[in-house]
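Following the hints, complete the assembly by docking chain B onto the known chain A.
Each protein sequence line maps, in turn, to chains A and B. In this text, residue positions in the first sequence follow my numbering: the first is 40, and each later residue adds one. In this text, residue positions in the second sequence follow my numbering: the first is 1177, and each later residue adds one.
Derived from the structure by calculation, the hints contain no laboratory data. Think of the CB as a built atom: it goes at the ideal place given N, C-alpha and C, for glycine as much as any other residue. Check the hints yourself; a few may be wrong.
[Said to hold, decoys possible] Far from chain B by the CB rule (all over 12 Å, computed), these chain A residues: (1) G55; (2) S60; (3) F66; (4) Q78; (5) L94; (6) T98; (7) T132; (8) S144; (9) S165.
[Said to hold, decoys possible] No farther apart than 25 Å at their CA atoms in a straight line, the calculated lysine to aspartate or glutamate pairs in the DMTMM-like style are these: (10) B:K1221 x A:E40; (11) B:K1231 x A:E40; (12) B:K1231 x B:E1218; (13) A:K82 x B:E1281; (14) A:K106 x B:D1258; (15) B:K1215 x B:D1258; (16) B:K1283 x B:D1193; (17) A:K106 x A:E85; (18) B:K1279 x B:E1208; (19) B:K1221 x B:E1208; (20) A:K82 x B:E1218; (21) B:K1279 x A:E100; (22) B:K1215 x A:E85; (23) B:K1231 x A:D153; (24) B:K1279 x A:E130; (25) A:K106 x B:D1177; (26) B:K1283 x B:E1208; (27) B:K1231 x B:E1281; (28) B:K1279 x A:E85; (29) B:K1221 x A:E85; (30) B:K1279 x A:D70; (31) B:K1231 x B:D1193; (32) A:K106 x B:E1208; (33) B:K1215 x A:E130; (34) A:K82 x B:D1177; (35) B:K1279 x A:E40; (36) B:K1279 x B:E1218; (37) A:K82 x B:E1246; (38) A:K82 x A:E130; (39) B:K1215 x B:E1281; (40) B:K1215 x A:D153.
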Amino acid sequence: EVQLVESGGGLVQPGGSLRLSCAASGFTFSDHYMDWVRQAPGKGLEWVGRTRNRLHSYTTEYAASVKGRFTVSRDDSTNSFYLQMNSLQTEDTAVYFCARGAFCSSSRCPGPFDYWGRGTLVTVSS
Amino acid sequence: DIQMTQFPSTLSASVGDRVTITCRASQSISGELAWYQQKPGEAPKVLIYDASTLKSGVPLRFSGSRSGTEFTLTISSLQPGDSATYYCQQYNSYSLTFGGGTKVEIK
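Chain A with its partners taken away, still in its complex shape (with noise of 0.2 Å):
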């Protein structure tokens, strides 16, 4: 059974450091994609980035709102996934999800998030 469990939410203040983390099992961690999306209180759901597999470099992407801020990484004899938040601003309160993207042994890797965490809230406020 494929399970996703985030951890490492809380409060923090503006300006400040988290680090989420995402623990994986059930399937085989190394050949997908894996992203964050978020999602503010009474909010839509907003993806945020994304660390592809080796054989893809372990290249990253990430949503504009947080380039610069966010660092994305994986660790593939853990299977963990990680987002570290710099520089936090108040509109970066939100729960966080990991989420699973595409299996890839190709050139090009397309596809939805077929499984998701159920996400750890993190709350920026002074």
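Frame of chain A, contents of chain B only:
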């Protein structure tokens, strides 16, 4: 970034009604679009991907279609458990984007 315009933002329908939600992409995304269902307090679940492929286990009353850059999610006969918010998402570009969501309520 590719913008996804989703409408309506809310709709109210009766059990058994046919319901249609539309998503329009600001540029071509081929058929690289998914539809998700999200219930309060839960993570989203993918219903349809590649515009019209039903994910295994999703009821057959859900279907997706495409006409150019316009995509449609149809629920052929609305059921009480379909009360949720639905999102489209394109995965054609490096920067992934979601539509604004459609909240479906049961009358």
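Hint by hint, here is what the structure shows:
Every CB of chain B lies more than 12 Å from the CB of A:G55, the least distance being 26 Å, so the non-interface label holds. Non-interface call for A:S60 relative to chain B: holds, since the shortest CB-CB distance, roughly 17 Å, exceeds 12 Å. For A:F66, the shortest C-beta to C-beta distance to chain B comes to about 15 Å, beyond the 12 Å cut-off, and the non-interface label holds. Separation of A:Q78 from chain B is inadequate, the least Cβ-Cβ distance of about 9 Å not exceeding the 12 Å criterion.
Residue placement check: A:L94 keeps its beta carbon more than 12 Å from all beta carbons of chain B (closest about 16 Å). Residue placement check: A:T98 does not keep its beta carbon more than 12 Å from all beta carbons of chain B (closest about 10 Å). Residue placement check: A:T132 keeps its beta carbon more than 12 Å from all beta carbons of chain B (closest about 17 Å). Even its closest Cβ contact with chain B, about 17 Å, leaves A:S144 beyond 12 Å, as expected for a residue assigned away from the interface.
A:S165, annotated as away from the interface, keeps every beta carbon of chain B farther than 12 Å; the closest lies near 27 Å. A C-alpha spacing of about 15 Å is found between B:K1221 and A:E40, which places the hinted pair at or below 25 Å, so the restraint holds. Between B:K1231 and A:E40 the CA atoms are separated by roughly 16 Å; this keeps the pair inside 25 Å, and the hint holds. For a cut-off of 25 Å, the pair hint linking B:K1231 to B:E1218 stands: about 18 Å separates their Cα positions.
A distance of roughly 17 Å separates the Cα atoms of A:K82 and B:E1281; the hinted pair therefore holds under the 25 Å criterion. With a C-alpha separation of about 36 Å, the suggested pair A:K106 and B:D1258 falls outside the 25 Å cut-off, and the hint is violated. Pair hint B:K1215 plus B:D1258 holds up; C-alpha atoms about 9 Å apart against a cutoff of 25 Å. Restraint check: the Cα-Cα separation between B:K1283 and B:D1193 comes to about 10 Å, which is no more than 25 Å; the hinted pair holds.
A C-alpha spacing of about 14 Å is found between A:K106 and A:E85, which places the hinted pair at or below 25 Å, so the restraint holds. Using a Cα cut-off of 25 Å, the hinted pair B:K1279 and B:E1208 holds, with the two alpha carbons roughly 23 Å apart. Proximity of B:K1221 to B:E1208 is assessed by CA-CA distance (about 17 Å); at most 25 Å being required, the pair is judged to hold. This hinted pair checks out: A:K82 and B:E1218 have alpha carbons roughly 14 Å apart, not beyond 25 Å.
Pair hint B:K1279 plus A:E100 does not hold up; C-alpha atoms about 29 Å apart against a cutoff of 25 Å. At roughly 16 Å between alpha-carbon atoms, B:K1215 and A:E85 fall within 25 Å of each other, so this suggested pair holds. Restraint check for B:K1231 and A:D153: satisfied, since their Cα atoms lie roughly 9 Å apart, inside the 25 Å limit. At most 25 Å may separate the alpha-carbon atoms for a hinted pair to count; B:K1279 and A:E130 meet this at roughly 23 Å.
Restraint check for A:K106 and B:D1177: the C-alpha separation of about 14 Å stays at or below 25 Å, so the hint holds. Our distance criterion of 25 Å between C-alpha atoms is broken by B:K1283 and B:E1208, whose separation comes to about 33 Å. Of the supplied pair hints, the one linking B:K1231 and B:E1281 holds, its CA atoms being roughly 23 Å apart against a limit of 25 Å. Restraint check for B:K1279 and A:E85: satisfied, since their Cα atoms lie roughly 16 Å apart, inside the 25 Å limit.
The hinted pair formed by B:K1221 and A:E85 meets the criterion: a straight-line CA distance of about 15 Å does not exceed 25 Å. With a CA separation close to 34 Å, the supplied pair B:K1279 and A:D70 exceeds the 25 Å bound. Only pairs whose Cα atoms come within 25 Å are accepted, and B:K1231 paired with B:D1193 is accepted, the gap being roughly 22 Å. For the given pair, A:K106 sits about 24 Å from B:E1208 by alpha-carbon distance, which is consistent with the 25 Å threshold.
Straight-line distance between C-alpha atoms of B:K1215 and A:E130 comes to about 23 Å, which keeps the hinted pair within the 25 Å bound. Between A:K82 and B:D1177 the alpha-carbon distance is near 20 Å, which keeps this suggested pair within the 25 Å criterion. The suggested pairing of B:K1279 with A:E40 is violated, with an alpha-carbon distance near 30 Å, which exceeds 25 Å. Between B:K1279 and B:E1218 the CA atoms are separated by roughly 14 Å; this keeps the pair inside 25 Å, and the hint holds.
Straight-line distance between C-alpha atoms of A:K82 and B:E1246 comes to about 23 Å, which keeps the hinted pair within the 25 Å bound. Taking the CA atoms of A:K82 and A:E130, the gap is near 12 Å; set against the 25 Å cutoff, the hint holds. Pair hint B:K1215 plus B:E1281 holds up; C-alpha atoms about 11 Å apart against a cutoff of 25 Å. Taking the CA atoms of B:K1215 and A:D153, the gap is near 16 Å; set against the 25 Å cutoff, the hint holds.
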